[in-house]
Amino acid sequence: MNQDKFLVEMVRSELAEIVGQDYVSVEESDKLVYSTDWAWMPQMWLDRGQPLHPPDFIVHPGSAEDISEIMDIANKYRLPVVPWGGGSGSQGGALPVFGGILLDMKRMNKIIAIDEKSLTVTAQAGIIISQLEWAVNEVGLTFPHYAASSNCATLGGALAPRGTGTVSTKYGKAEDMVLSMQVVLPTGEIIRTPLVPQHAAGPDWFRLFLGAEGTLGVITEATMRLDYIPEHRSLRALLFDDLSKALEAGRLMMTRRLEPFVIRLYDPASTASRVKSILGYEFQGAYMVVGFDGDPDLASLQENKALEICTRLGAQDLGREPGEKWWAHRYDFYYPPQNLKLPWMYGTTETITTYDKIENLYWQEKKAVEEGFADLDIKFIGHFSHWFHWGVMLYSRFIIEQPPEDAQEALRLHNRIWNAAMQAVIANGGMINEHHGVGLKLSRYMRKQYGQAWPMMLKLKKAIDPNGIMNPGKTGFGF
Amino acid sequence: MLIENVIDTIDNCRYCLMCRHIASVEYVTHKETLSPHGWALVIASVQRGLLEWNQETVDVIYSAPDHGNSRAHCVTDQPLPEAIAAVRAEIVSQQLAPPIVYQIDERLREYGTPFANRKPGVVSGEKEIALFVGDEAQYLWPKTLPAVIDLLHAQGIDPVMIGVGRNSGYLASSLGLLETAKGLAEENLAELEASRAEYLLVLSPGDFFTFNQLYNERLGIEFPAGVELLELTTLLAGRLEGGKLKLKRSTDEEPYAYVDPTHAVRVPNRHDIPRKLLAAIMPGESRELFWRRERAHPVGCTALQFTKPDIAEKLTMSRLEDARESEATTLISEDPGTLKKLDESAAGHGLRVKGLYELLAEHLIHDEHGAAALD
Chain A
110 MNQDKFLVEM VRSELAEIVG QDYVSVEESD KLVYSTDWAW MPQMWLDRGQ
160 PLHPPDFIVH PGSAEDISEI MDIANKYRLP VVPWGGGSGS QGGALPVFGG
210 ILLDMKRMNK IIAIDEKSLT VTAQAGIIIS QLEWAVNEVG LTFPHYAASS
260 NCATLGGALA PRGTGTVSTK YGKAEDMVLS MQVVLPTGEI IRTPLVPQHA
310 AGPDWFRLFL GAEGTLGVIT EATMRLDYIP EHRSLRALLF DDLSKALEAG
360 RLMMTRRLEP FVIRLYDPAS TASRVKSILG YEFQGAYMVV GFDGDPDLAS
410 LQENKALEIC TRLGAQDLGR EPGEKWWAHR YDFYYPPQNL KLPWMYGTTE
460 TITTYDKIEN LYWQEKKAVE EGFADLDIKF IGHFSHWFHW GVMLYSRFII
510 EQPPEDAQEA LRLHNRIWNA AMQAVIANGG MINEHHGVGL KLSRYMRKQY
560 GQAWPMMLKL KKAIDPNGIM NPGKTGFGF
Chain B
601 MLIENVIDTI DNCRYCLMCR HIASVEYVTH KETLSPHGWA LVIASVQRGL
651 LEWNQETVDV IYSAPDHGNS RAHCVTDQPL PEAIAAVRAE IVSQQLAPPI
701 VYQIDERLRE YGTPFANRKP GVVSGEKEIA LFVGDEAQYL WPKTLPAVID
751 LLHAQGIDPV MIGVGRNSGY LASSLGLLET AKGLAEENLA ELEASRAEYL
801 LVLSPGDFFT FNQLYNERLG IEFPAGVELL ELTTLLAGRL EGGKLKLKRS
851 TDEEPYAYVD PTHAVRVPNR HDIPRKLLAA IMPGESRELF WRRERAHPVG
901 CTALQFTKPD IAEKLTMSRL EDARESEATT LISEDPGTLK KLDESAAGHG
951 LRVKGLYELL AEHLIHDEHG AAALD
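Chains as they are written, first to last, in the working numbering: chain A, 110 to 588; chain B, 601 to 975.
Simulated from the structure, these hints should not be mistaken for lab results. Incorrect hints may appear among the rest.
As the list claims (entries may be wrong) - Reference listing, derived: stretches of chain A covered by chain B, where coverage requires no fewer than 3 residues with Cβ under 8 angstroms from a Cβ of chain B:
#1 186-198
#2 251-262
#3 366-374
Said to hold, decoys possible - If you anchor each label on the Cβ, the simulated ranges turn out as follows:
#4 Ile221(A) with Asn869(B): 34 to 40 angstroms
#5 Leu830(B) with Ile220(A): 52 to 58 angstroms
#6 Arg709(B) with Pro160(A): 38 to 44 angstroms
#7 Met917(B) with Ile221(A): 17 to 23 angstroms
#8 Asp426(A) with Asn869(B): 34 to 40 angstroms
Stated by the list, open to error - In the SDA-like style, the derived pairs of lysine to any residue whose C-alpha atoms are separated by at most 25 angstroms in a straight line are:
#9 Lys434(A) with Ala672(B)
#10 Lys450(A) with Asp608(B)
#11 Lys114(A) with Leu650(B)
Cβ atoms here follow ideal geometry from the backbone N, Cα and C, with glycine treated the same way.
Excised from the complex, chain B in its bound form:
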């Protein structure tokens, strides 16, 4: 992001309070400093010599969640998350970032993920459709991939899987590790190009945002023209509507709630789609969290889980408390990072967590030969 844009955005946001109502970190910490305007004001104050970058102020800047609510609700689309990411890059370059940031950088450069000591899988094959797996689906919620494969095979789709075990680049970008983020992005896109796919399916709104917007805005990397980017939920919903995806009803009649995953607010017009998929299989009553749809708060699965685990924990607990108050007993989502974080503490709130893709796969209607019915 150009430095001039950063300055404009910071100056615009430092005294603007119009997105406070959906600000998640301020909501759980109650601290003015840990709000969109607070972060911008701290940055602006460093620029004006009223503060300096030190452990305290850097800690404040690394408390921003980068989940997109502030920008999604800004009438003038101020790219504050992007500006904060750019400022973090400056902080990183001055060797002032928290030590964990540099540790994650090493792991991302070596393994492409902070979640495992394994390099990404090798990709081969050329297909019309590619599926970006990423590292969260691979390591945090591994039930995702087999379920997704079942669902796609049932549609006659056998994709090339790319980015298997590799982070999309969002995490590195969010932490201010620009070169590392670019490297990951280029590797993912190289695999996409090698696959010669015309469609790229992604498993979560976070990945959709990364390919669709982050690569360009933060890294200056264009998503290849001629490749259509699609969330898997959007594909499945279209197939369901067209009668090409047949699902049976679940026998679980407990009330459930769909949890809009972290980054859902960054993808417009997607909130109904997972709900329709669930409505096709779940007989129980659907409940809604207070922090839902356009105002969904994140779970603590952004970079905060590394830089500010206490705040990440608060975000997760807040969502679980929100869910408990909805009187749902089962929480369902599709984003692996969201699922992992919810699942870690769900039992303590009397809740169960299930992945959307697994649920759909479990309720596929197969024909008498064991394959899914296809028109």
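This is chain A alone, in the form it adopts within the complex:
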């Protein structure tokens, strides 16, 4: 938005009339804080003393009706609207790169209902996931989306990029747990998706909003599936000296319908670095944690079957203690100073594909990154964390400990590395992302990812958001 103070005040006044004076800000400190999310790119930019493009207005809506009225203003003045949950996305999906109205959803944080018979919870999209979990724990239930970002991400933020949590292997991704949603469309309509996700009453349009990352509307409320808190949970760790066999062990566990709640397989590089630094274990090889929960007898039986599979493929059983320790400290990786942080350059070039392709994809991506940037002492580490009946996700990362000091140079290098990684991923049958989303960072790969289907997606976007106000620049969509 142009810096005409007169027009800024006119719009601010209109927004304040909707949400209240206390819930609209144009303060410089707010604009700076909301100009970055959890992506490396903007964090590095600010760290180097470079300003980012801020939002023009930070607005805290209290209801879907508020948002509907805000859409009216945004369309009238052609202002971008950027939904903001926890600001914990790593892809730049919430960056207000074109200014406009940033909608911080956290004022909409109420739990509307817990249905102890159907095992569902209906909550507003701005609730922090950990707080939602505490609330359902009070009645013996759990919301089994245990993401590393649960302490900071919102329910809407879990759904918008199609997030995945630690126990997704058994309980599913966030998108698998949603029954229905309330969404405010860019044109202001407040719609409800069907009551249940599985039915035969027409096309599955409700899933359009999952993965749209705020480009097709604002998720304001969701009804999510819950589970009983498992009465039993046990983990153990194994060590493979052959990553290929470890991958096969995971595949067999999944395709034989054992139900681990987690399989976490670290490649040798991750085992030697991250497992060592966080958990203190010095192993050589591919370290795997497997966990089973629920009925103790069933869990024990499944665990024994899993152990048979693994040992038949050459695994060394490390016992329970390393597995339990991993579970207790699984989020320690994200606390400073042991997390990946500036001044390092790093990125999570994660991907997903089917079992027949995953091993080759891993090696090709590793090669593209390590060989392409060998002169920079780049490190490539990976683990396989979210397993499905048909394939597995590779959580690959690159790290450069001494990146260029100049911000532009650093960003250029960062983008070149991402390009190399994503080209390798697409060329070898992978998706450009499994659960962090597309955001700004991967926007440029969407056309290539979707090929002939991309024009259809552009038409959908145009139909739903005729003025292109919703989160422009993200998930491949412009204005």
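For chain A, the structure is supplied; the task is to place chain B on it using the hints.
Chain B only, in chain A's frame:
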């Protein structure tokens, strides 16, 4: 706190969001800037020339509650409250702090408290046990002290009372008034030394934190070796368990809730103790607030009550709403500052507020001569 540690902590916290789930001010204001990472990012941005200290940014920094949740929940124990206090000290020294900060400084230097126009009481006597009274017990919830004296006398304990009407130093430290905080700390510790006590009893987790940790970390003052610091609730719970504290049941059968006081999260392993004391006297059903124990949110009785009374009010209202939803009708706590703030608005939420110490004292079992039964 050394400046290098401040920079490290600020840089660590500016982009970390892992304590947001228990952040109280963000919860009640919904504002990203008023969160642990928001405060750190604002400070880091001033350091990098992206922002400057002005009324707006200083107002943001003085919106941090300094109640310890962020640090208590940090796996790597980042001392963000300490770093913010150190930054506030810089702001104070540049004469950029809100005017109320300097006004409080004057009052603390003259009276040792912002709550009264009276200097602290004179201490005399040497005893094995000293009791730090402080200013909140003296002025904000004066029912505390007579009840505490009754409880201690019933245990055969006649302590020297120190710091009567004097702030512990927490408030000054929190506001960035380092020299004033040091002065108060030194006066309190001088009285402790003069008492020759081997035990120092404190009435709240906030005071425990101040003597046990704040004096050293923020002011560079060591708590005297050879003196054991103890919360009064811990002493009483031990006596109850040992059969040396005898209590009778209350006739009030209404559901009640214990409110973990502000700063409770700073003292590990103390959450069960007051609950056990209450369970010994209260026949009614005990309820729990949502924001309880390790995740207890503060009431608005930190320095926010002076620098950001609107946020302090929101914190208090949020606790009262939390309490109302628990369906308790009586709220009980031991911290005088917490009690005062809750009591101011409790009636409007259909709630009553009672002090833990008064309740215990009211239900002491005395022997036939009027003294409490002692084994």
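Any of the earlier hints contradicted here, and which numbers?
Hint check: 3, 5 fail, others pass.
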